[in-house]
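Starting from the known structure of chain A, arrange chain B on it as the hints suggest.
Top to bottom, those sequences are chains A and B. All residue numbers for the first sequence refer to the working numbering, where the first residue is 1 and numbers rise by one. All residue numbers for the second sequence refer to the working numbering, where the first residue is 1001 and numbers rise by one.
One thing to keep in mind: the hints can contain errors.
[Said to hold, decoys possible] Within a straight-line C-alpha distance of at most 20 Å, the following computed PhoX-like cross-link-like pairs (lysine-lysine) qualify:
| # | chain 1 | residue 1 | chain 2 | residue 2 |
| --- | --- | --- | --- | --- |
| 1 | A | Lys-76 | A | Lys-240 |
| 2 | A | Lys-233 | B | Lys-1205 |
| 3 | B | Lys-1260 | A | Lys-261 |
| 4 | A | Lys-240 | B | Lys-1240 |
| 5 | A | Lys-233 | B | Lys-1240 |
| 6 | A | Lys-260 | B | Lys-1261 |
| 7 | B | Lys-1261 | A | Lys-261 |
The hints are simulated quantities; they were obtained by calculation from the structure and are not laboratory data.
Number of protein chains: 2
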Amino acid sequence: MQNVETHEHALSGINIVLVEPTHPGNIGSVARAMKTMGLSSLVLVNPKKFPHYEASKLAAGAESVLETARVVTTVKEAIEDCTLVLGTSVRDREVSWPTQNPHTVAKGVFAHINSTSNSCVALLFGRESSGLTNEELDLCQMQIRIDANPQYSSLNLASAVQIMAYELRMQALVKIDCVDEGAASNTAMMTGLEQRQVLATNKQKEGYIQHLQSTLEALDFINTKPPTILMRKLTRLYNKAELTVEEIQILRGILSATEKKIHEQ
Amino acid sequence: MQNVETHEHALSGINIVLVEPTHPGNIGSVARAMKTMGLSSLVLVNPKKFPHYEASKLAAGAESVLETARVVTTVKEAIEDCTLVLGTSVRDREVSWPTQNPHTVAKGVFAHINSTSNSCVALLFGRESSGLTNEELDLCQMQIRIDANPQYSSLNLASAVQIMAYELRMQALVKIDCVDEGAASNTAMMTGLEQRQVLATNKQKEGYIQHLQSTLEALDFINTKPPTILMRKLTRLYNKAELTVEEIQILRGILSATEKKIHEQ
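Chain A on its own, in the form it takes in the complex (with noise of 0.2 Å):
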């Protein structure tokens, strides 16, 4: 008999962020849905009432999910060690991040998870009122939007929480033996490399902009202080690149290069 496996055990290891959540209920209810779909780690950036006997009642047996939970104060604390940073929109932005559908962006995580020797994906969901904030949204690599209804888009947390989770469910579920040829190529285009890497974390990654910024102000090429468009575009590229602790350190090493040469004058 062939013994055939799946992803189904790596579930476990992608990180549900929910940033600032304002009701207790909410946070059990995501639990509920997490669970479900055999998710099981969560992590509340200020959450408004934690513990709460709401969010206790509403995970309804999903409650090993709020007693393990992380609680933190800020979303960098909340992806430092992550690998793959994902961020969940229902509204169109003014400023456009690349989006995703969740389909895609499941098999786009599975395919990081499978090429990535140190994985560790976050997936963060705004609060209930106004979502993530734009600074927010330049930690993520990529943007979720779930293609809801322009008439009436008000998907519950939860119920976009067990969306993800559900499409997240169904790339675990692909046998590993037969994975398609599509699924393959989708692997090759995310990561651009057959062979496993391991990438920055983005504690490295803002080392390397905060770096990239201070050489800049070095070489007067950024004059004025916040320099937050160009430095915000900047980011938003060297995501995109999903960079390795390799190409981390040829990036520092140029910048290095560049301060020695400033201070030679």
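Below, chain B without anything else, positioned relative to chain A:
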């Protein structure tokens, strides 16, 4: 200009049938889940409490779905005009009905709608506690199985509706003149975007890489000629980013500022 059509309008004709729902709050949440995905036709078979303020409260803007809901006393009455009836279950049963996942069912629903002049589709969702009876499942052409976590398959009624409604909407939004789904998703993956951006041509990227190389030489960062391995790594890095024309301009601006600093010496 090409006028690309979708089946979005067909969503409003698909009936969501809740069989003997116990909690009025669930009816409201179902209405909301339906409306976010463009569905509007709700049928209630023997609801325990309806109308009810909790249903209206949880509908949260989707009260129109409740107002037009049809209330009947038997499943047969609910589906009497229907040409395709599907039943939902998250549980395994001893007697096996033909089952399909939500994605396949959604495709089947639209195949049915497209090929039937009098199509009327009903999706049955069972009681919160016990689902559909065997007799009710006998009325269905097919059983939908949401492949939930076997350790915790307790999907909320509205969550099950949300997943099905989402899959139906995704199928409804498939362009009628776009046959090859694989090709479409690959295109989306290639661009990483739904909005059109002006991506750099290969020639523009090559120009940037040459500029980068000459700057790195001026910085004494590269001192072997030809510095093939490092430049190949940098080429690959920037190829992963799928640079836009604007991003190339920013990156070349940084290189020019660097060169200027070097020449000031």
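Tell me, which hint numbers fail for this structure?
-> Hint check: nothing fails, all pass.
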